[in-house]
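S.K.: Generate the whole structure from the sequences, applying the supplied hints.
Number of protein chains: 2
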Amino acid sequence: MLQPSATDLPTSREACRALDAADPLAAARAAFVLPPDVIYLDGNSLGPMPAATRARLQQALDDEWSRQLVGAWNGAGWIDLAPRVAAGIAGLIGAHADEVAVADSTSVNLFKLLGIALRLRPSRRTILTETGNFPTDRYVAEGLAGWTGEHRLRSVDRERLAADPASAIDDDTAVLTLSHVDYRSGAMHDLARITAAAHARGALVLWDLAHSTGAVPVDLEAAQADFAVGCGYKYLNGGPGAPAFAYLARSWHAQARSPLTGWFGHREPFAFAPDYAPATAAGQLQCGTPPILSLLSLDVGVQLLAGLDGAALRAKSLALTDLFIARCLPWLGEHGLELVTPQAHAQRGSQVSLRHARAWPICQALIESGVVGDFRAPDILRLGFAPAYLRHVDAWDAAERLHAIMRAGIWQDARFDRQRRVT
Amino acid sequence: MLQPSATDLPTSREACRALDAADPLAAARAAFVLPPDVIYLDGNSLGPMPAATRARLQQALDDEWSRQLVGAWNGAGWIDLAPRVAAGIAGLIGAHADEVAVADSTSVNLFKLLGIALRLRPSRRTILTETGNFPTDRYVAEGLAGWTGEHRLRSVDRERLAADPASAIDDDTAVLTLSHVDYRSGAMHDLARITAAAHARGALVLWDLAHSTGAVPVDLEAAQADFAVGCGYKYLNGGPGAPAFAYLARSWHAQARSPLTGWFGHREPFAFAPDYAPATAAGQLQCGTPPILSLLSLDVGVQLLAGLDGAALRAKSLALTDLFIARCLPWLGEHGLELVTPQAHAQRGSQVSLRHARAWPICQALIESGVVGDFRAPDILRLGFAPAYLRHVDAWDAAERLHAIMRAGIWQDARFDRQRRVT
Ligand SMILES: Cc1ncc(COP(=O)(O)O)c(C=O)c1O
Ligand SMILES: Cc1ncc(COP(=O)(O)O)c(C=O)c1O
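From first to last, the protein sequence lines stand for chains A and B.
Numbering that gives the first Met the number 0 puts the first residue of the first sequence at 0, with every later residue one more than the last.
Numbering that gives the first Met the number 0 puts the first residue of the second sequence at 0, with every later residue one more than the last.
Treat the hints as calculated values from the structure; they're not laboratory data.
C-beta atoms are modelled at their ideal positions from N, C-alpha and C, and glycine is treated no differently.
Treat the hints loosely; a few may be bogus.
[What the hints assert, rightly or not] Restraint ranges, calculated between C-beta atoms of paired labels, are given here:
1) A:Ala-345 / B:Glu-220: 54 to 60 Å
2) B:Gln-302 / A:Ala-325: 49 to 55 Å
3) A:Arg-83 / B:Ala-29: 32 to 38 Å
4) B:Arg-28 / A:Asp-61: 18 to 24 Å
5) A:Ala-276 / B:Gln-58: 41 to 47 Å
6) A:Arg-28 / B:Arg-28: 44 to 50 Å
7) B:Ala-25 / A:Arg-28: 49 to 55 Å
[To be verified] Output of the computed footprint for chain A on chain B, the stretches with three or more beta carbons under 8 Å from beta carbons of chain A:
8) 162-175
9) 268-282
10) 285-298
[Stated by the list, open to error] Okay, the calculated bits of chain B under chain A, using three or more residues with CB under 8 Å as the criterion:
11) 39-48
12) 231-241
13) 351-357
14) 404-417
M.R.: Here's what the structure looks like:
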């Protein structure tokens, strides 16, 4: 795991500006469409639109779909789009291009890979996860286990897993499924260490990289990870509900048997053969026809991220979260806020989460002040620091605004207590 | 099944023009972007772009995603989009709005519903289908059966099923899965009759409406169908790889147990509860975050189709296919072409398929002449007649051009024998 040395933190807004001016990633910000006067700290829910997306989609509509019609599958290369995007993502997660498929949603990909894992460990009956794992990860595992009737989902606390993974994994564990970076706290697991511990107990490991890919370096190859999934619409900036990815390690390409076998995962989809024969490598994880408009949008986001320096992204992510944490720590406690995100770099993703019983109205007041973060039930204010487009001044200003809101009790105004809506 | 009386077929191009001028659906054509000089007979593979799609997508990019950012889930109504599109589709297939979900691909939806069916018939081990069913329907069933290890896929010929469905279904058949309209031949099953025969044997039925929805009337309610799926990108004109739909009859809402349980199918996705509780009705078939750009595009197509008169669509579809068949029949045999599509209205979908050992170069020559159809291996020239935007003159001209190509042997030119590419 790449770990930059601690940053010398700026102590004034001017110092932040100077850092931004010298930032090797400064130019990347211009590649995104960001509304003026908004500090966007929710790119881990929905990344902003790359500037190039608009023209790419227009071309898809005006030239490809409407003029070339069905011929665009070949003529505009739609048929090769998913593998092309997969290759871009592979470079971000330490995978070979043939180990990644872009298809479906993260939920559906979790299902495929859990299904593969259960068949690779037929004598074991348990899917192991964390108590606090992202809901869809838990639901998909619970649903699959309940559907077979022969498996079960078992949960352990994050603390126990992080402290002593071997003790949490027993001989009945077919597969351990975890989020690399926790969606709520922003805490990051030691991917290589937990993978090794699971392998030592004969279990396989599936990593959810939704909150890592594009912001945190991941090296699946080095960790000898078995399976992984991740979202296209967070740090990859692929647009709302962009297709997800799935990683299948080369070691499992030949033996994998997915429960979900659609024609796009067939060796020769357009031979229209009556019987199924899986495509080689991770291509077998493709299933039905991909949503091309959403996939084109993802392609733009992935190529943008793939063109940035991963080490620089990580260094800046840590610099921004370090700065925000340092600016807030002196007064958090006095306003009833608690820092939930670990301060140790090796345990931190690319977000800062604060706990407060009234996190909802605080989040609303912050949004009104121009700092968009989000709320995660029941009590978390979650602030994502996407290094590709955020600046040191953004982290500085966000801390200032939060402080002002807390100091003046602005969040206690009745207008912030309106009914909760989804985000 | 709605069945218009036979049309008086026009016998001149002028008569075709007169029919087009009087066509109650004439105005609908203008709602599509169609390249000049192309007769597009492949809307059953990829429907053309509705004119309104461009502005809708621009708004999604320029205002919703890039300005509202994550707030667009509520602010722009993305969160309610899938149920809205589902309600539009429900009206086209004789379903209640709460019986339809829009999600994922047809392949993934086939999987969910087959999984539900197997659990509703736990003592039965067979998924029954047609030998010639669309490949992904066969692959998904084969993959699921192989993955459980306890089920098998059995195939019967279409002829046998159509002639005597009861004889093909045995006491081990948990679910019969069929395409309503055959992708290759365009032959249409008697949906109500086969459903009743399956029910009489205690089996459930899953209908693939990919080649029906938007072109052929379907009344799932009247037929007491259990399950159905269909594509968004064919006659619904939702754009390449647009999300698919899934129908779950009310009678199964309470008992259904899907193998694929993602957070969007949870009763309260944004409560982030640790345990799964299915949403009511067909909403439980949603899974992960939907691809919003593709879904917005589908919404435009579905609302367009939902605004047209279903009886008029069917009448025109039959008039166009009748006309094309009548124009070709006199000379088909002499050029080695065979009509594969049934002439009986009750057995015909919205396409005309012709068999020829050299269907590939014939299809290429036809495309070069401005008539876009497609080839289906090994020997089928497939011509889709989408009633929403095609005219009688199009059917007339397409027949003329095909005749000219056959008569002059144009298709025998070496340039049409270039390597096959996917379509
Ligand atoms: C009958 C039928 N089912 C399913 C599909 C495609 O399914 P998917 O959308 O999963 O690719 C097609 C595509 O042509 C089809 O004709
Ligand atoms: C860790 C994690 N996994 C999965 C998802 C979502 O999965 P899907 O794309 O299937 O909705 C999220 C969304 O926030 C997430 O944070």
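S.K.: Each hint needs a verdict: does it hold in this structure or not?
M.R.: Okay, the hints, checked on the actual structure:
no.: 1; hint: A:Ala-345 / B:Glu-220: 54 to 60 Å; verdict: holds (58 Å)
no.: 2; hint: B:Gln-302 / A:Ala-325: 49 to 55 Å; verdict: holds (52 Å)
no.: 3; hint: A:Arg-83 / B:Ala-29: 32 to 38 Å; verdict: holds (36 Å)
no.: 4; hint: B:Arg-28 / A:Asp-61: 18 to 24 Å; verdict: holds (19 Å)
no.: 5; hint: A:Ala-276 / B:Gln-58: 41 to 47 Å; verdict: holds (43 Å)
no.: 6; hint: A:Arg-28 / B:Arg-28: 44 to 50 Å; verdict: holds (46 Å)
no.: 7; hint: B:Ala-25 / A:Arg-28: 49 to 55 Å; verdict: holds (51 Å)
no.: 8; hint: 162-175; verdict: violated (count 0)
no.: 9; hint: 268-282; verdict: holds (count 8)
no.: 10; hint: 285-298; verdict: holds (count 10)
no.: 11; hint: 39-48; verdict: holds (count 6)
no.: 12; hint: 231-241; verdict: holds (count 5)
no.: 13; hint: 351-357; verdict: violated (count 0)
no.: 14; hint: 404-417; verdict: violated (count 0)
Hints 8, 13 and 14 from the list above are not met by this structure, while the remaining hints are.
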